[in-house]
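Asker: Next come the chains, spelled out residue by residue.
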Amino acid sequence: ETGVTQTPRHLVMGMTNKKSLKCEQHLGHNAMYWYKQSAKKPLELMFVYSLEERVENNSVPSRFSPECPNSSHLFLHLHTLQPEDSALYLCASSQDPRLAGGTDTQYFGPGTRLTVL
Amino acid sequence: AQTVTQSQPEMSVQEAETVTLSCTYDTSESDYYLFWYKQPPSRQMILVIRQEAYKQQNATENRFSVNFQKAAKSFSLKISDSQLGDAAMYFCAYRSAETSYDKVIFGPGTSLSVIP
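First to last, the sequence lines map onto chains A and B.
Last residue of the first sequence? That's 1273 in this note's numbering, and every number before it is there in order.
Last residue of the second sequence? That's 184 in this note's numbering, and every number before it is there in order.
For the record, the hints were derived by calculation from the structure and aren't laboratory data.
Just so you know, not all the hints are guaranteed correct.
Said to hold, decoys possible - Partner residues aside, some chain B positions facing chain A, computed with beta carbon under 7 Å:
| id | residue |
| --- | --- |
| 1 | Gln112 |
| 2 | Met113 |
| 3 | Phe174 |
Glycine is no exception: its CB is placed at the ideal position from the N, C-alpha and C atoms.
With the rest of the complex left out, here is chain A:
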């Protein structure tokens, strides 16, 4: 596979469930991102990992917990979510612009459509 993949593509969960979203990039990048895309709202950056270290956390509620075990994989662990957390969750990757050969172009996955009942 090429590019950025995300699984599952669709997820329905109750407020008491625990689930995880997975993102994998096949581009050799070393920075990965989680965004939340809600209807009628701009994309919200949730987490940034660069060189496997978390460098940004935009005051996201603790019911969202990211994990980046290596530069190719990124997870978003979900627990006790609220209905307002229903959204499209996008993963992206890029080559850290601080490093040689890095650019600021982000490559996005297809997203996971999350519905919280």
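Using the hints provided, position chain B relative to the given structure of chain A.
Answerer: Leaving out everything else, chain B in the frame of chain A:
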């Protein structure tokens, strides 16, 4: 903090015609990058075009070009010879050149319809 505004939630264009999508941004920085991303229905978001603020020349990419007005903080996207495949959400985005990582701020998007 930087903000990005797209004042047109929806636009439509006749196939083969030209359409311009508007974007304005607010920043106190002098060095930054601007982007247009395209998100077709149920498909992945992809980069359309990128502009470096220190370059006065407007970026072009085939049928896509921008009108970058730095003083006015305006960054519009012109799509020439519109095709059915151009129908998508278009997001304008800003990235500071001063941050140490790739934090991109997106506008709310413009939904473009192409009429056959």
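Asker: So, for every hint listed, does it hold in this structure?
Answerer: Hint check:
{"no.": "1", "hint": "Gln112", "verdict": "holds, 5 Å"}
{"no.": "2", "hint": "Met113", "verdict": "holds, 4 Å"}
{"no.": "3", "hint": "Phe174", "verdict": "holds, 4 Å"}
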